[in-house]
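Student: In case you want the letters, here they are:
There are 2 protein chains.
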Amino acid sequence: MKLGNLVGERFKERPSDCVIDSHALMVRGAYIKFVASGIYSSFAPLKRIFHKIEAIVREEMDKIDGQEVSLPVVLPASLWEASGRCASVGQELVRFADRNKAPYLLGMTHEEAAVQLVRESALSYTAYPFMIYQIQTKFRDEARPRAGLIRVREFTMKDAYSFHTSQKDLDRFYGKCYQAYQKIYERVGLPEVIAVASGAGIMGGDISHEFMLLSAAGEDSIVICQSCQYKANMEVAENIVENQKDELSYPLTQVYTPDVQTIDDLCSFFETTPDRLCKAVAYRKESDQGIVVLLLRGDYEVNEAKLKSKLGCEIRPAEIDDKSGLAAGYIGPYQLNASSDVFFDRSLENTCNLICGANKANYHYSGLDISRDIGDIGYIDVAKAVDGGICPGCGSHLLSVSRGIELGNIFQLGTKYTRSMGMTYLDENGQQQYPIMGCYGIGIGRLAACICEARHDAFGPIWPMAIAPWQVHLCAVRADNIEVKTLADRIYSELTNRSIEVIYDDRKVSAGVMFSDADLLGVPLRVIISPRNIKENKCEVVSRDKTLSLKIDMDQCVETVIGYVRNGK
Amino acid sequence: MKLGNLVGERFKERPSDCVIDSHALMVRGAYIKFVASGIYSSFAPLKRIFHKIEAIVREEMDKIDGQEVSLPVVLPASLWEASGRCASVGQELVRFADRNKAPYLLGMTHEEAAVQLVRESALSYTAYPFMIYQIQTKFRDEARPRAGLIRVREFTMKDAYSFHTSQKDLDRFYGKCYQAYQKIYERVGLPEVIAVASGAGIMGGDISHEFMLLSAAGEDSIVICQSCQYKANMEVAENIVENQKDELSYPLTQVYTPDVQTIDDLCSFFETTPDRLCKAVAYRKESDQGIVVLLLRGDYEVNEAKLKSKLGCEIRPAEIDDKSGLAAGYIGPYQLNASSDVFFDRSLENTCNLICGANKANYHYSGLDISRDIGDIGYIDVAKAVDGGICPGCGSHLLSVSRGIELGNIFQLGTKYTRSMGMTYLDENGQQQYPIMGCYGIGIGRLAACICEARHDAFGPIWPMAIAPWQVHLCAVRADNIEVKTLADRIYSELTNRSIEVIYDDRKVSAGVMFSDADLLGVPLRVIISPRNIKENKCEVVSRDKTLSLKIDMDQCVETVIGYVRNGK
Chain H
30 MKLGNLVGER FKERPSDCVI DSHALMVRGA YIKFVASGIY SSFAPLKRIF
80 HKIEAIVREE MDKIDGQEVS LPVVLPASLW EASGRCASVG QELVRFADRN
130 KAPYLLGMTH EEAAVQLVRE SALSYTAYPF MIYQIQTKFR DEARPRAGLI
180 RVREFTMKDA YSFHTSQKDL DRFYGKCYQA YQKIYERVGL PEVIAVASGA
230 GIMGGDISHE FMLLSAAGED SIVICQSCQY KANMEVAENI VENQKDELSY
280 PLTQVYTPDV QTIDDLCSFF ETTPDRLCKA VAYRKESDQG IVVLLLRGDY
330 EVNEAKLKSK LGCEIRPAEI DDKSGLAAGY IGPYQLNASS DVFFDRSLEN
380 TCNLICGANK ANYHYSGLDI SRDIGDIGYI DVAKAVDGGI CPGCGSHLLS
430 VSRGIELGNI FQLGTKYTRS MGMTYLDENG QQQYPIMGCY GIGIGRLAAC
480 ICEARHDAFG PIWPMAIAPW QVHLCAVRAD NIEVKTLADR IYSELTNRSI
530 EVIYDDRKVS AGVMFSDADL LGVPLRVIIS PRNIKENKCE VVSRDKTLSL
580 KIDMDQCVET VIGYVRNGK
Chain Y
30 MKLGNLVGER FKERPSDCVI DSHALMVRGA YIKFVASGIY SSFAPLKRIF
80 HKIEAIVREE MDKIDGQEVS LPVVLPASLW EASGRCASVG QELVRFADRN
130 KAPYLLGMTH EEAAVQLVRE SALSYTAYPF MIYQIQTKFR DEARPRAGLI
180 RVREFTMKDA YSFHTSQKDL DRFYGKCYQA YQKIYERVGL PEVIAVASGA
230 GIMGGDISHE FMLLSAAGED SIVICQSCQY KANMEVAENI VENQKDELSY
280 PLTQVYTPDV QTIDDLCSFF ETTPDRLCKA VAYRKESDQG IVVLLLRGDY
330 EVNEAKLKSK LGCEIRPAEI DDKSGLAAGY IGPYQLNASS DVFFDRSLEN
380 TCNLICGANK ANYHYSGLDI SRDIGDIGYI DVAKAVDGGI CPGCGSHLLS
430 VSRGIELGNI FQLGTKYTRS MGMTYLDENG QQQYPIMGCY GIGIGRLAAC
480 ICEARHDAFG PIWPMAIAPW QVHLCAVRAD NIEVKTLADR IYSELTNRSI
530 EVIYDDRKVS AGVMFSDADL LGVPLRVIIS PRNIKENKCE VVSRDKTLSL
580 KIDMDQCVET VIGYVRNGK
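Just so you know, the protein sequences line up as chains H and Y, in that order.
Whatever position you read off the first sequence (first residue = 1), add 29 for the working numbering.
Whatever position you read off the second sequence (first residue = 1), add 29 for the working numbering.
Be aware that a few hints might be false.
Same chains, same label: a pair holds when it works inside one copy or across any pair of copies.
Lysine-lysine pairs mimicking DSBU-like chemistry, simulated, CA-CA at most 35 Å apart [claimed, not checked]:
{"id": "1", "residue 1": "K205", "residue 2": "K76"}
{"id": "2", "residue 1": "K205", "residue 2": "K31"}
{"id": "3", "residue 1": "K575", "residue 2": "K514"}
{"id": "4", "residue 1": "K167", "residue 2": "K76"}
{"id": "5", "residue 1": "K537", "residue 2": "K580"}
These are calculated hints, taken from the structure and not from any lab test.
Model the full structure from these sequences, guided by the hints.
Tutor: Okay, here's the thing in structure tokens:
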């Protein structure tokens with residue numbers, strides 16, 4: 030294809046509303062066009078990248094016996110009522126009525142539709158296991174779309190659903206899919222993607238993994254052990270604290286602490302460090318509006334995801350008012366108003382001589398010894414893991430916390446959907462059973478954006494050969510020179526005839542414009558025909574990642590380039 | 030792929046709710062699954078057919094320099110407000126509000142989104158012409174979904190939009206696209222699809238064609254000349270009538286015709302034929318609620334599409350009440366209440382001695398001579414063309430009217446969208462101009478259904494090789510026989526290794542079940558390995574369309590089959 034015909038305006042200036050590089054480059058390179066918050070159109074180069082990513086995903090899904098199907102974008106609400114999600118999912122689910130006032134929704138995930146498709150097709154155990162998948166448009170009305178294609182509302186997703194007659198068989202297939210995912214990230218040029226244990230969120234079920242690209246642009250926190258294989262999303266990462274109790278436990282003593290409320294204030298006032306404080310955080314439960322007070326060591330933060338999962342309901346920070354019976358800023362475990370649920374984080378286990386709120390304004394206690402002063406209470410794990418923390422896998426103190434972007438996820442769903450939607454089969458003994466499900470997702474657009482995020486320089490993306498919009502970018506510098514034009518035309522047609530995908534720039538523009546456009550298109554191999562090269566009977570072959578820069582004889586040009594393309598340079 | 034692993038339950042009984050064969054076969058063969066009115070999921074065989082059709086469409090669009098892009102399914106209503114369609118399109122357009130109460134809609138066509146994508150990319154005449162296209166999910170809330178995939182609400186469509194700086198250039202490209210469409214229908218196995226002139230409907234613009242499969246299952250009426258190339262949708266087909274005025278014009282005479290109202294009643298009463306009647310049909314205009322009376326010869330029907338187009342507004346049959354001043358059942362042109370708009374169809378031109386209503390109950394006139402009794406009025410063309418009518422192309426009396434299913438359409442849009450959405454470019458003289466657009470659609474699902482409708486027998490679809498879900502259906506009859514199984518396994522792996530797409534049935538089921546499943550899957554070539562064949566060291570190769578039935582030596586099986594596949598048998 031000729032670059033002159035490519036629709037889309039490329040430009041130099043970084044748009045001011047782009048917070049991450051991939052977003053800026055995709056706008057500057059005319060890959061995407063903003064339509065509405067979290068909704069983009071794609072120009073041809075991105076569509077070509079999508080096709081290549083989708084082909085790789087399809088191949089890997091087919092290799093593990095996936096069958097590609099297609100499920101509707103618009104779903105009758107009745108399907109989600111059967112599973113209970115119509116009520117449990119919030120505003121991110123778009124609901125509307127059709128012309129007959131029948132309720133519909135836009136699918137943001139398709140467990141229900143998958144079960145509806147196969148419900149009558151697998152009535153005997155002999156039909157199992159099987160996996161269906163699709164690559165399809167979804168819509169999720171995100172509260173905060175951000176960062177270009179990283180978090181959008183309309184997106185293309187590969188979603189797969191597997192059905193099994195035993196947990197063992199699901200485990201086996203789950204492992205195969207895990208490997209297929211690793212293979213996919215490798216093939217699209219992101220071998221550094223890691224799998225981390227994760228919470229299942231609205232999906233239901235237990236075991237699940239997220240595939241993460243570590244990136245400062247990410248919204249997720251990932252806890253990784255530098256010594257063993259342990260990797261987990263912060264939301265589910267266990268936090269282990271080993272305290273050594275002081276030999277001497279001082280008595281509990283009330284101290285007048287006027288206007289001393291923050292951790293910093295307390296540390297200055299008592300001339301101590303945060304790990305000597307017992308801090309309190311209050312939440313209100315969405316379920317019964319009751320208040321939960323959480324106590325934890327002053328140097329730890331609450332992991333709200335773990336707390337929610339412990340409580341089994343949504344929570345929000347509690348506003349402490351007079352009715353609550355709590356003394357805002359001075360809450361502590363000793364003689365705390367009993368109308369609240371109180372939980373102690375395990376960071377407080379085996380401690381003494383702590384400073385804590387005295388449950389009345391302007392007073393704290395020093396010398397708190399929980400086992401002595403509060404009694405025999407249980408501790409739970411609801412604090413965030415920290416850099417340098419103890420690894421639940423190997424016990425080393427080598428945990429580190431990184432930012433990551435989720436690029437895919439795999440879930441074991443159990444029988445949540447088959448049970449609620451009445452999908453059954455007869456087992457070997459003629460007994461009716463519910464199949465066990467797994468589900469497996471990859472966002473295609475986010476994957477493309479992440480490849481750009483991980484593979485770019487200041488001038489543009491550096492697309493890996495496997496997913497690049499074209500394989501070769503041919504520049505005819507000074508295309509008004511008849512010799513240049515003739516030679517470049519010939520190379521274009523020879524490469525094209527050999528099934529090489531070439532974007533050919535024969536515009537009458539300066540070499541500067543040509544090369545900056547080529548940088549923005551990020552095609553891995555560049556071939557430059559110019560008057561200077563022609564004098565030496567040479568052409569230049571350079572790689573977008575700058576690892577290659579050759580002058581080669583003109584008559585070897587085509588073969589050399591094909592060699593590099595086939596080797597995936 | 031092994032048939033035993035294919036998800037989807039095939040069955041024999043024709044579902045009672047299927048009015049056309051393709052719908053019944055697609056349900057019976059587990060191609061589609063009903064989700065909600067006009068909304069279907071697709072099983073793997075149909076998804077494979079879609080991929081092949083889409084690949085052909087893509088190739089032909091790329092050949093005429095199309096660039097594949099993608100536009101959103103969910104569009105901000107503001108885009109359609111700019112073009113005016115948000116107000117002009119009715120309930121088929123799904124509208125909803127997002128979580129911030131912003132208005133959105135589901136794209137049922139993408140002219141606005143296409144203009145929005147390219148508006149800033151083609152500011153100079155040098156950037157023209159160009160064409161963008163996509164293959165994408167759309168939703169149209171049809172009042173009456175019907176016939177399986179023929180008329181659905183959610184559908185996959187290839188929609189293309191071209192942009193030009195002159196009508197001449199649009200004409201040139203329109204012609205190329207017309208040919209590309211013919212090529213597409215040919216390649217997917219429907220060379221009999223014809224192009225007919227059509228009305229543009231809600232698209233705006235003037236010149237347009239529809240591509241039609243003639244079929245009794247169709248909803249459209251097509252007027253075709255048996256002598257020349259003339260083909261038009263009934264909605265726009267010109268109706269030519271040549272009347273020969275009687276030599277003697279009798280005087281206008283009022284006749285008492287108690288309870289004589291219908292055409293049949295009148296013909297009996299007056300002992301005449303319908304062409305001697307001047308009938309009246311009344312409509313109410315949606316625009317100003319005024320009444321329109323249409324007069325035409327008694328043997329013609331009103332073409333409401335042409336009338337709407339003449340009036341420039343929607344119409345509905347008028348209910349004649351006392352307020353209207355019209356005598357229901359007795360309306361005629363002579364001394365007709367002047368508060369109505371009155372139009373005379375050209376079927377009345379050059380007539381006399383007609384019978385017509387007398388505008389009072391129970392009376393008619395005979396001897397109507399319009400030029401004498403009404404005066405010098407104009408005639409318009411608002412009647413339906415008829416079988417045996419006069420061709421507007423060649424003047425022969427060889428028009429025929431057939432039923433057809435619309436499989437694609439191409440429109441010349443003019444500047445309707447570029448003007449309303451403010452897309453301009455600078456021409457050679459530095460003047461701002463609006464680009465001229467064309468748009469071009471093909472519904473992928475309907476095309477698949479129509480191929481089935483045109484290519485099937487009582488037992489199942491007969492898919493053409495180019496779009497068949499698999500190329501070869503391999504049956505191991507008596508797969509419990511070790512010799513059969515070994516040979517069939519070998520042929521399966523040899524064909525698969527040679528990149529032939531094989532569906533392999535090695536289930537332990539009867540030959541009857543095997544063959545009826547194969548008929549429902551409609552794969553063009555069938556290879557049968559059975560104990561009886563093995564005894565003769567033969568295998569059977571038969572084609573689904575029954576034109577081929579061979580016993581060939583086992584060692585020539587693979588090469589023979591590959592030969593047929595490559596020849597597109």
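Student: Now, for every hint given, state plainly whether the structure supports it.
Tutor: Hint check results:
1. K205 / K76: Classified as both: same-chain Cα gap 29 Å, cross-chain 24 Å, threshold 35 Å.
2. K205 / K31: between (42 Å within a copy, 19 Å between copies)
3. K575 / K514: within (26 Å within a copy, 55 Å between copies)
4. K167 / K76: both (17 Å within a copy, 18 Å between copies)
5. K537 / K580: within (23 Å within a copy, 64 Å between copies)
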